[in-house]
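Given the structure of chain A, go ahead and fit chains B, C and D onto it with the hints provided.
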Amino acid sequence: MNALLVQGSQMLLVLALAPLLTGWVRKVKARLLRRRGASVWQPYRDLLRLLRKEAVVADSASWLFRVAPYLIFSAIWVAAALVPTFAINLIFSWSADLIAIVALLGSARFFLALAGLDVGTSFGGIGASREMMIAPLAEPAMIMIVFTLSLLAGSTQLSSIVAYMIGPEVGLRISVAMSLVALVMVALAENARIPVDNPATHLELTMVHEAMVLEYSGRHLAMIEAAASLKLLLYVSLIAAIFTPWGMAAAGQGLGHYLVGGVAYLGKLAAGGFLLALFETSIAKMRVFRVSQFLSAALMLGLLAVLLLFVSRNL
Amino acid sequence: MNGLGLYFDVAHLLAGGLVLVSFMMLYQFRMYALLNFYAVHALVLSASVAWQALIQGAPHLYVTAGIALVFKALIIPVALHRIVQRLGIHRTIETVVGIGPTMLAGMGLVALSIGVMLPVTGSADILAREDLAFALAVILLGLLMMVSRHNAVSQVVGFMSLENGLVLAATGAKGMPLVVEISVAFSVLIAFIVIGIFLFRIRERFDTVDVQALDSFRGERR
Amino acid sequence: MSHEELGLWLVRAVLLVPALSACLLALIPGYRLSARLNMLASLATLAAAAALFRVRPTPGAFLIVDDVNVVFIVLNTFVGFTTSVFSASYIAHELEVGRLTPVSLRFYHAMYQALMAAMNLALVANNVGLMWVAVEIATLTTVLMVGIYRTHAALEAAWKYFILGSVGIGLALFGTIIVYMASRSVVGEGLDAMAWTVLVRHAPAFDPALLNLAFVFLLLGYGTKVGLAPLHAWLPDAHAEGPTPISAVLSGLLLNVALFALLRFRMVMAGNAEALAPGPLMVTMGLSSLLFAGFMLYRRHDIKRLFAYSSIEHMGIITFAFGMGGPLANFAGLLHMTMHSLTKSAIFFAVGHVAQAKGTQRLSEIRGLTVSHPVLGWALLLGVFAIAGMPPLGVFMSEFLVVSSTFARQPLLAIPLVAGLLLAFGALLWQAVGIAFGEPQGESRPVHASTVPLWAHLALVLMAGVYVPGPIVRWFQHVAALLG
Amino acid sequence: MNLVPSLSIVAALLALGVLAVPLAPRRGGSALVYVAALLLTLAALAPPVALLLAGVDAGTVARLSLPLGIPWLGAHFRIDALSAFFLVVVNLGGAASSLYSLGYGRHEPSPGRVLPFYCAFLAGMNLVVLADDAFSFLLAWEFMSLSSWALVMAHHREPGNALAGFVYLTMASFGTLSLLLAFGVLAGPEGAYTFEQIRSREPAPLLASLALVLVLLGAGSKAGLVPLHAWLPLAHPAAPSQVSALMSGVMTKVAVYGFVRIVFDLLGEPQLWWSMVVLALGGITSALGVLYALMQHDLKKLLAYHTVENIGIIFIGLGLAMAFRANAMGWAAALALTAALFHVLNHSLFKSLLFFGAGAVLTATGERDMEKLGGLIHRMPRTAFAFLAGSAAISALPPLNGFVSEWLTFQAMLVSPQLPQWGLKFLVPAVGALLALSAALAAACFVKAFGVTFLGRPRSERARTAREVDGFAVGAMFALALLCLLAGVLPGVVIDGIAPVTQYLLGGRMPEQLSQAWLSIVPITAGRSSYNGLLLFAFIALSMVVVITAIHRLASHAVRRGPAWDCGFADDNPRAQYTAGSFAQPIRRVFGTLVFAAREHVTMPSPGDMAPARLEVRLRDPVWELFYAPIAVAVGFAADRFDRLQFLTIRKYLSLVFGALILLLLVLVLWAR
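Those sequence lines, one after another, are chains A, B, C and D.
Residue numbering for the first sequence is 1 to 315, as defined by my numbering.
Residue numbering for the second sequence is 316 to 537, as defined by my numbering.
Residue numbering for the third sequence is 538 to 1021, as defined by my numbering.
Residue numbering for the fourth sequence is 1022 to 1694, as defined by my numbering.
Be aware that one or more of the hints could be misleading.
[To be verified] Only part of the chain B face toward chain D is listed, based on derived beta-carbon distances under 10 Å: (1) Gln-343; (2) Leu-433; (3) His-465.
[What the hints assert, rightly or not] With beta-carbon atoms standing in for the labels, derived distance ranges: (4) Leu-1074(D) / Val-181(A): 45 to 51 Å; (5) Gly-1387(D) / Phe-310(A): 52 to 58 Å; (6) Ile-429(B) / Val-737(C): 27 to 33 Å; (7) Ala-1071(D) / Val-181(A): 51 to 57 Å; (8) Phe-507(B) / Thr-688(C): 17 to 23 Å; (9) Phe-289(A) / Arg-1596(D): 22 to 28 Å; (10) Arg-1596(D) / Arg-290(A): 26 to 32 Å; (11) Gly-1629(D) / Thr-281(A): 35 to 41 Å; (12) Glu-902(C) / Met-418(B): 48 to 54 Å; (13) Pro-983(C) / Asp-1630(D): 56 to 62 Å; (14) Val-181(A) / Ala-1579(D): 44 to 50 Å; (15) Pro-983(C) / Glu-1621(D): 53 to 59 Å; (16) Arg-1178(D) / Val-181(A): 56 to 62 Å; (17) Val-181(A) / Ala-956(C): 51 to 57 Å.
Because the hints were derived from the structure by calculation, they are not lab data.
Remember, it's a predicted structure, so these values are computed and weren't measured experimentally.
Even for Gly, the Cβ is constructed at its ideal location relative to N, Cα and C.
Isolated chain A, as found in the complex (with noise of 0.2 Å):
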């Protein structure tokens, strides 16, 4: 019962944070361009808004365009609430290895590209056909990622790479340096964030995921942005969790575990956020298809990680 009421507590909890995070890159982006920015809070006040609108939906739309946010948000939840944030081994941690979190990432993009070309606009369109060959270069590379820490782990279980890179034996490898890189570059790619894609903007030329969502509104534009947050989110965990797990609790360990990992969990999102928004405003958004080079050399990254992992260590 214990062990049920933490998995929703850290379902609750992604839930919870997801706008946060969000609200805070874009605090941080502001200041750093030396504007005041909108408060922290303000992607809530965005979202409750969003909800109590009425929905305006194209004629030309089907029920798809009307099932498809709540599908993206759910499975986007359900990925986000199965990565390791303040704790591992959580009851159901096992139902879904971190290959299948890519894939349920994957179906939330594969609704989400379809809703974009539920319409019939162009714009839908042109952010669905990007958004469908950024994929297929990001997740090779993702897989890739997840291929060099399930081989050094021996596991793909999130929980039990978590644990391996907590312990003793990981070290200071190549390989993990890499998969570093070339998870962040994955993760900046995923959550549309510059240089690959600028949230911020509607400028047709540029858009990939704003084209998409272009016809949502009311809460179904709400269930989308949320899903974002909760990408992005998840995201940072991720990173968080594998790279920097300290802090993290066992499962049936006491509450005072529980509390510290949450705290380190926070301190740790708040850092990413922080860099996230640096390296944003540091860099130029590239061309729509330069992007396949980006992602190429993350995939390069990723394969590579693999095959050194082979001469550093003999598995």
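Okay, now just chains B, C and D, sitting in the frame of chain A:
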């Protein structure tokens, strides 16, 4: 064994003579001369067959010799003379390659036929072996004539000299049954060919059965 | 009547019934009557031949019925009979159209029976000379029949066939003479030295060099009749320009008879350990025919010539199989011979009706047959697949055995074999798709076709693909063992 | 265990095929035949299912030999775990397709060209799986090809179908001949053609390798391994849709069966490099297959190319299994083989479903070209839903079945570092990257396929007026969609069903799945990796329900319909939508320039000219240009050259005879030396 030696020598001489006449036929480039030499060819064959009949003591071979004499040495050459006249066939023989190379090829063929027969030893008697070598040479030379001449008539002559080689071989094989029947069958065949040439008015070439149909048809309409 | 006597009478019947009916048919004017008589005579011959399965005379000096030839005799008479049935309905149409006159028909029927008699004689002959004579007669009769339409094309085809056939006959005769000389010094002079039974028995003692020489001439001489490349030139034209029943008999039977003659000599060769192995020669000739015909199939414009080239291809395969030797390949070769006769004659039956229905033999004008003439179209397609070695038809089994056993023994030989099979298959398929499918083109006359012989053949071929009756298998196996 | 029921069903199917000839033109005849086929295939499911459920240790094998085929050998038949599994795949596909055809078959313009061959095709596939000697196997194999060829030619008047049929059957024949040669090697010169005899023979390593290459050519050409796939995207779309489904979903699996049977069962111990070849081929096939698919505008052709991709995935699994087996890692080999066989089942389910959907679209609109479709989700909601389910499954999205098998394949790959060979250590991750790439591209491809066909606005009049298809067709699609979901959320059942197969072939199996807590699947140990589709499905469904209820209760549920936002450019021409071609443009630019030498050429009219601008895309098919075109050219060239021999004079023909004679005599002279 002196008697046998004589028998052998005469048979050898006649068979060799056949090869020689074959060569002389290859050398001809006048139609009538060719036909005349064919008559000589048949004559030598007839003599050879008759000699075989004598030494083998096989009277039925005289029939074959008679056929060769009457049919091949007389009737056929005369008939072909007529055809050449009647159909207005060119009196000169068009060869595919020059006479010289043809002769050289002929030499090669004779060498080949001897080379082929060389390993035959022991069991087959010498007479048969030599005879066979000459017969093979005659056959090959006949074939060579068929493929190296453009004129229909000279091709027929080539075929007939080939057939003479066969008869030479058959009569040389001592005691071979059905030789007469075979020579009759071949005569019929030759008669067919000659009649065919006359009926279908094949003037210049073997290939077309009518001058009007020249070159319009080569097996398949396109 | 004793067993022996009965057998002797049966053999005589197989020869005399067609021979006598040839004379009779030459005298009868009415074409309906003569067509019926033709069928009747063929049926009687078939009955006599079938009875030979049970009753056999002891081999005589001239005639023999043994395991090697009995299946071929029955096959020969069977296809002869079915072709005569087909011929009856084919000829009627030719008369209507005016391509044939009643006089030429009389000649045609007489020649048909004469041909059957000659082929049967070649099969039952126990004497190499007699066999040679029989093959020569068969050739001459077919020459006359090929030219029966009196068109330029037909005459030229017949002429070509005549000349090339004559040269072939000459070469085969020379080979036969040499065989006699080889055996004479062992067996002694006279008829015995030319009898199969004696030859096979005494083969080990023959002079190998003479045998080698003989085989070269026999291979080329009879190979001309078989249609092996490069001796094949007469075959496509003779098939294409003669009446279709004759094409069926040529492809289905005459080629077999010539090959049968080769096989007999191969047995003699195989009996002599020092003689040149006939295998490599036959394998080379077979492969060259297969590959050559495979390429030729692609550029054909005439439907009968197409299938004539396919016959060359299959003769190549069969020669290859016998060249490989061994129980499996020999069995496959025998089976393939049988299947090829049945299938190819069936195809020519179909082609005959198709050509009558469309009024042309040009492939480009025969399109969409399964739409315009479903029965003929599908039958033809089935026939093409049978001949192309598709299961569950008979040729598949023989090709299976040839290819797999060859590859296990001589992998390098199997490569060109398979390439040739594939090449020929591609060509046949391409042409067959064009014939059978697509929008129908050109004229389409009604044809009163009797498709019974056609389906009978195809049914047999289909049956053989999945089930070969035990007695036939035992015969084939026995013969395969004899062939070595 | 008894073989009589299975064989009687085959015989009944053949008889039905013959009966179908007179029945086809009659009213209701076609429905009658399909009902019978449905019942027969359903009945055929019973024996193999029973065998597989009997469990691992049963090891049941039933044999039967009939006095058919090669006379002294007889025809041997056998059912064991492997054939049972594939019998399930074949007859499941057959049953679904028959059900679908009950409705779909009514639209067939010439049932006489479909029905007999349809039954024969089903019988042939069953027979391949049951055969237990080389002759019966190849006979059934080629019979299967031939009957499916006839089905491809059913609509022979459509342009291109003749070529499709030609390429198909020629390639099939090539494959059969390769297999024939392989059996020649395996059976030896004495002709030991029964599988029992072949198993007991130990071929020399070199010969075994030769056999493997030949099997790869033979089974690979039927399955559609690159570069032997060329026939597949031509032939599969040309057939009527229920047959396309069978060919893509089932027949390619029969080819996989052939490969597994020969390589795992008959060939003895594998050599190491075999697995490398198979792995590399699988990886290349999967990536190239999906790239080809992405370039297609023809819905059925796209699906056919996807079959190529999935075959690649299956062969990756098989290659892994071979690698592990060569290193005596039975448990890992069992995992990899299970993954491959699981994918076999999965692909047969969703590919049939997708072809049914394509067939439904084809009947409703008469179009296969996606550029003329669109918006069908409004007109054909049920078909759209089923197609969406199939698309999600084939794109390996959890919690559907496609994901499970790919996940298992990845799990098997992760064992690869334990292999001692460096080559494999490096190769496997690279193949893994290709697999991930093709999975992601597949998702992109099906976004395109579903999005352009069913979503957006109709691009043609026929798409605008499409009607939903009949109940049988929809029923068949929904049944398959349900099976996709079930296999996805309860994969343990399938894995345990496959266990007897791996036990038989490899002597090992995956851990029993149905006894795991919460019905998770555990490939090796629970600590290493596990996956629970059921829970994921439940979580997603639950959270969706919760969120939707919460929002609709607590926040707004008002909806207003309005026109789509047009950027102020009011032109609602549906042709302004994204098309299949434009959707794939970014991917074409990224991958296509390399693989297909894709070139875009823009023709822009001069200012003031009212002519439309044109964008032309040129793609080159590297496989066709490298492998097939040269052969066609060479054959054509040689045929032209040889053809001159038809037009010689008699003298020249005589010269040929003369030449042959001289040649042979020379050989004789030389021989005697």
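Status of the hints after comparison with the structure:
1. Against a cut-off of 10 Å between C-beta atoms, the interface hint on Gln-343(B) is violated, since the closest Cβ of chain D lies about 18 Å away.
2. Of the supplied interface hints, the one on Leu-433(B) holds, with its beta-carbon coming within about 7 Å of a beta-carbon of chain D, less than 10 Å.
3. For His-465(B), the interface hint holds, since its Cβ comes within 10 Å of a Cβ in chain D; the closest pair sits about 7 Å apart.
4. Separated by about 50 Å at the C-beta atoms, Leu-1074(D) and Val-181(A) satisfy the suggested range of 45 to 51 Å.
5. Our hint of 52 to 58 Å for Gly-1387(D) and Phe-310(A) holds, since their Cβ atoms are close to 56 Å apart.
6. The hint said 27 to 33 Å for the Cβ distance between Ile-429(B) and Val-737(C), and at roughly 30 Å that hint holds.
7. Taken as a hint, the range 51 to 57 Å holds for the pair Ala-1071(D) and Val-181(A), whose Cβ atoms sit roughly 55 Å apart.
8. In this structure the supplied range 17 to 23 Å holds for Phe-507(B) paired with Thr-688(C), their Cβ-Cβ distance being about 20 Å.
9. Restraint check, Phe-289(A) to Arg-1596(D): a C-beta distance of roughly 25 Å satisfies the suggested window 22 to 28 Å.
10. A hinted range of 26 to 32 Å for the beta carbons of Arg-1596(D) and Arg-290(A) is consistent with their spacing of about 30 Å.
11. For Gly-1629(D) and Thr-281(A), the Cβ-Cβ distance of about 46 Å falls outside the hinted range of 35 to 41 Å, so the restraint is violated.
12. At about 51 Å, the CB distance of Glu-902(C) to Met-418(B) agrees with the hint of 48 to 54 Å.
13. At about 60 Å, the CB distance of Pro-983(C) to Asp-1630(D) agrees with the hint of 56 to 62 Å.
14. At about 47 Å, the beta-carbon gap between Val-181(A) and Ala-1579(D) stays in the expected band of 44 to 50 Å.
15. For the pair Pro-983(C) and Glu-1621(D), the supplied restraint of 53 to 59 Å holds, since their beta-carbon distance comes to about 57 Å.
16. Under the hint 56 to 62 Å, the C-beta atoms of Arg-1178(D) and Val-181(A), about 59 Å apart, fit the expected range.
17. For the hinted restraint 51 to 57 Å between Val-181(A) and Ala-956(C), the CB-CB distance of approximately 54 Å keeps it satisfied.
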